[in-house]
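Engineer: Chains as they are written, first to last, in my numbering: chain A, 6 to 116; chain B, 3 to 116.
The hints are simulated quantities; they were obtained by calculation from the structure and are not laboratory data.
For every residue, glycine included, the Cβ atom is placed at its ideal position computed from N, Cα and C.
Incorrect hints may appear among the rest.
Capping the alpha-carbon separation at 25 Å, the derived lysine-lysine pairs in DSS-like fashion look like this [what the hints assert, rightly or not]:
no., chain 1, residue 1, chain 2, residue 2
1, B, 44, A, 73
2, A, 54, B, 44
3, A, 74, A, 63
If you want the footprint, here are the derived chain B segments under chain A, 3+ residues with CB under 8 Å [claimed, not checked]:
no., stretch
4, 44 to 56
5, 108 to 115
Spelled out, the chains give:
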Amino acid sequence: AQSVTQLGSHVSVSEGALVLLRCNYSSSVPPYLFWYVQYPNQGLQLLLKYTTGATLVKGINGFEAEFKKSETSFHLTKPSAHMSDAAEYFCAVSEAYDMRFGAGTRLTVKP
Amino acid sequence: EPEVTQTPSHQVTQMGQEVILRCVPISNHLYFYWYRQILGQKVEFLVSFYNNEISEKSEIFDDQFSVERPDGSNFTLKIRSTKLEDSAMYFCASSGQARNTEAFFGQGTRLTVV
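Can you make the complete structure from the sequences, with help from the hints?
Structural biologist: Spelled out as structure tokens, the structure:
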């Protein structure tokens, strides 16, 4: 069964600094990979997804992620953090009819 | 923009009572899901539903849980005899196709079992 590991339950960066949120996956088939963001007291919003094709995918709000099969990774990056990026971020993997989430990484952005 | 709608936003129930959480998926979607998130913890998959039957379920989805699509628009999660540990945020999601399309999530129902 597929699974996701997010390294670092809490990441803190300064405004304008690089954001790097790590995600490693395990899957018995070519995975479909997703990053979701959750703002306080809200549902999950899709940031970006990888299905097939280009391994560098761009999402909303300036985020991007690169699928690296050799490293079984799908890390999320953003060149310059903004205060509004403060939220919980979840990496997810899908093999079939379900989607399995990582434990989440809380991003804090300091002024 | 189409969205997934969940009601109620907050449900308080006594231990042992039955609860039904309701969801209206996006109208042309075919795949429906329930997830839960215990406070401060990860989002956990409960069940997926396609073509009027369960397509996959997790170990969490035991006999006290059931899902139903009673009509063409609603998708419900029933918990027969709630326990304290069922207290969580429950998210409904839907997608247009399997796997390769994003799942759209509702805003969640916060279930509190007292």
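Engineer: Next step is simple, just say for each hint if it's right about the structure.
Structural biologist: Going through the hints against the structure:
1. B/44 x A/73: 24 Å, holds
2. A/54 x B/44: 19 Å, holds
3. A/74 x A/63: Since the Cα atoms of residue 74 of chain A and residue 63 of chain A sit roughly 17 Å apart, the hinted pair holds (cutoff 25 Å).
4. 44 to 56: holds (count 6)
5. 108 to 115: holds (count 3)
Consistency with the previously given hints is maintained throughout, with no hint failing.
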